[in-house]
Amino acid sequence: MKSGRKQVKRMTGAMRIIHWANAISMVAAVITGLYIGHPYYQTLIADGAVDKYVMAWNRWGHFIVAIIFDVTSIVVAYLYFFSRFEKPYKKLIPTGKNVAEFGEVLLNLVTLNRRKKFDSTHSDSFNTVYFTIFHVLLVWMLFTGLQLYVHGLESGESSIGAWWPALLHLATDWTIPVTGGTLMDVRISHHETMWLIVTWVAFHIYYQIWRTIFWKEGDIAIVFGGSKFAKEQES
Amino acid sequence: MAERIDGVRKLFTSKSARVDTNRGDLYYQQLFDTCRARLDALREQPAVNRLDFDSLLTDEGQDRREFMKWVSAVTAMLMLPPMFTPLVAEAAELMNRLPVVWLELQDCAGNSEALLRSDGPKIDEIVLDIISLEFHESLMAPSGHQAEKQLEDAMEHFKGNYLLFVEGSIPVGAGRDWCTIGASGETFLDHLNRVAENAAAVVAVGACATFGGIPAAAPNPTGAVGVMDVVKGKPVINIPACPANPANMVGVVLHYALTGQVPELDSLLRPKFAFGYRIHDNCERRAHFDAGEYVEEWGDEGAKNNFCLYKMGCKGPMTFNNCSIVRYNEGVNWPIGVGRGCIGCSEPDFWDKYAYERPMANANIKAPTGGVEKTVDQFGLGLLTAAGIGIGIHAVASAVAGKREEGGEG
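Sequences listed follow chains D and Z, in order.
FYI, in our numbering the residues of the first sequence are 129 to 363.
FYI, in our numbering the residues of the second sequence are 21 to 430.
This is chain Z alone, in the form it adopts within the complex (with noise of 0.2 Å):
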């Protein structure tokens, strides 16, 4: 019966959005039996760069004791049990035999500089130094044809091998022809392509190379959309927001690097690990929502009080995300935290139909259908006009013609 009853739910679930954090024992055990030998596999690998981690850590003057800390954090992070924990860690030491290519698009290099960010590195930022960053235009010392030769022999060391990174959406309409790369005038749809096709797994970092992002937004002159539209015939993850949390670019990378394989992904592909629960569930300011506090405008009594933003035009309650939980910057503080609306960054189309703190009531968003529910009430108060105003000609008229039909009667 239980069995049964565990088929129905996995044939309801199999789609879903649901986060199953426990598996059971037998689950588990084969999956750290896998891990160890993907790990055993890496080490045995020769390293793609010659930096050490333990020694970079003790250079960044962060000891073991801060570094095993950060590990069951992460291990936690990827919904794994504890016994994983040295696994993660042996991971994060293995990362220098894990290539990486980074190509940027259409994009303003805001999620580079959300990996990058070194004002004094936390663990994070000096796993993500360990990785070996093959190529990355914004990055690298050589330029033009040099930088070109550097990417092809990166594709071809490491063929089949390597994780892409991909920043920025790609034109794919009458834009597709503006946006060149590099000394040969390669477009951007052609480059993205002939990348992919020798990498293990492409990962999409960013609204934009998600979803098309701002690039994206009405009218679209490019003609933008996200990698996902473009890439065929290879896994690939979107971890959105704008820009992506460094912690889950982390996520994703340890979880390749420690089972070889992609993260369980939602039906957006989005690892579930990161995009698995509302802004909205883990709001600090959830029981302001409930109990109808909010802020009215910005630096009123609420403001100060730190009420809900929903009437501000907070987007939390339709966002996917794990920022109100890891948050950003050393997780010191996230929008919400410090004081303004969440605006869907990591949802799609979240520039035309997500944006600013506009209150859904009264929001005027530029979209497809013509608005959003500004519109949607004026339409609604006019259709309901409309029908007062027929159903009141229809009613004169009948008693205007009932008393005629009365006095011929009479």
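Isolated chain D (complex conformation) (with noise of 0.2 Å):
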């Protein structure tokens, strides 16, 4: 360890457990939806129908990640408020103190690291203003999905029971009239915020890379080690 450095903790256990599910379950969402949206690729076996099933494939894997991504949700919108560790919801309050720190990290985003006047030993106001936006998108990939998937179960019986479809339509149904009042508005919607999402990972990895290497910050360390290493500062 360089002197005058230390190592602070970022990240928990189940933060990362929660980091790498969603990233790989988003990795087979992206590529599994694709098909779903245009089935790009022929299936190359010469079986019949009933032996091959790579559309039914494509669906089985895009619902299972998209139903990890939905409990973890659930997780991540409880550790919003009641994480021991930090308390996102905290720095998403627009008092003085977070919208000055979430200025100034834009700034020093901006410039190029040239104002570095935040302190970087725990998550910023910045940080959790994106990730906010990632979790409200994923929340809509959610809800949107879950509208297209309920109209299979149209029947109103599923095999763990009736409950699951109603819940659904309870839950979901808002989302017609929201995106535009068809069943395609959704799943226009569902689609599209996929590429917001796309997008919003590019930045992610750019800017983490970027804080790692040239800002030399190793923040890339967090989200396998947990921890990372930060100048020590005089307060």
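It should be emphasised that the hints constitute simulated quantities derived from the structure, not laboratory data.
Glycine included, every Cβ here is placed at the ideal spot set by N, Cα and C.
Just so you know, not all the hints are guaranteed correct.
[Said to hold, decoys possible] Per the computed footprint, the stretches of chain D lying under chain Z, defined by three or more beta-carbons under 8 Å from a beta-carbon of chain Z, are: (1) 280 to 287; (2) 311 to 317; (3) 329 to 335.
[Claimed, not checked] Sample of chain Z residues lacking proximity to chain D, with all beta carbon distances greater than 10 Å (derived): (4) M21; (5) E64; (6) P66; (7) E86; (8) G130; (9) R214; (10) K252; (11) G359.
Two chains, each in its own frame: build the complex with the hints.
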């Protein structure tokens, strides 16, 4: 360890598990989702329909990772308020301090790390807002996706009982009028939001690599080991 | 405990599209008694036309056995248990006590055509022959003032008792003054509202009357809307599709004759017995969808082998209708059966958002959102490119700035 640096814990084990579960799920969801929207590859197997189920496998994979997403969303929503480590909602309240911190991080970003007037030993306000946007997008995917899904259970029955489709209708039917009035609009919105999330991911990966390599903050270590090294600051 | 679970289930399912096909013996016994009383009351009423169902059947070369086969099919379609079969038969026979007024507004008469298709009539059409069609501009002999008189008489005579079928959309925007009806030049809007006021219930038939259909497609020059947007304070039943399936029209009329009530409706006011299921879930090509076997272009090997039409733009996965079950033209065939995709004609905004066999991913449908998935993909790729360019500029600038800084330090 370089002198003048200290090790700070930034992510708990649970947070890291959630992060990687989400990352892997997302890659799977994008690949399978693009296939479902437009089945771009043909099956090369010459068997009868009964043996291959290409679309069925893609839909299966899509739904499985979607369910993982949905469950982690619930956990993340809980941790926003009740985490014993950091409570992200505290960084979302637009207090003077939070707004100033948000501004400082943003200025540091656009001035290429020229004015580092914020503490990087904890999750800053900019980071929290940025991740909140991601979670909002995910929740929107959850509602629109489940709305598209529940119409395959239109008999009102499912393998786990009638309560499940009933609950899905109750929880997601509002997305139809909100997106424009038809199931097609829900579908378009679900598809469109995927692009927003992919764009979000592009910036996220770039930002973390940049902070690690060029700004020498070692942030990538956080998501593997849970901690990073930060300069000791005189406070 | 079971009661509580039932209560919770009821709470969750009350407004959903759930189709409950088994409501228990008690419910059906009560419904049976209600229907019995209703049919007895109907029998007491004088027939509004002199058509006799039995002799009509004989004239058309149908025997009683054929008829009873049809009756049990209809009973099943209405999701009633077999004990209702004799009541449904009776309701069909008493159909000549049910006055119907039919209005045509902004339409192509396709639904009238579907209703009256009489090339070798089957039981459906015979049943529809026997309803007392008191007014139908395209079918009746009188015209002009005489036709209007006929309508006035029917409205007066059957006040509060007739079923009003409406075909075609209603212009309420700039077009409301262009579209008038009859010698008095009454606008469609006023005409519909006046006739609907004394109706027992209003049945909107076809894509135009339900959700505006083709007249309401962008840019909607006449400001067309569906019946449910205009008629207030009356039960409205939507039977969308282009054209509406005669089987569903018969179903609604029979249900009304039998119970005196409108059938159970979904959130878009469509009868659940007909629109409670997705086409996709009952499609004969569904196995090919799951297998990833698609028609790639019209007339290819896949098309010859009846592969799934999803890639050709079939909208079956988003469309609610029973045409994959009851089919059209005497149950002979239906769009997907003849090798073309579903165009979602029973869904709202179908022309702008569903329409022809445009595959979703390649579609550039002119829609209020600016486009469908093709536009979304282009926009998304553009957004991602913009982010990439932004990242690139930031990266290069940072690298240059970083070197300068290091140089300064050293």
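| request: Give me the numbers of the hints this structure contradicts, sorted from smallest to largest. | output: none
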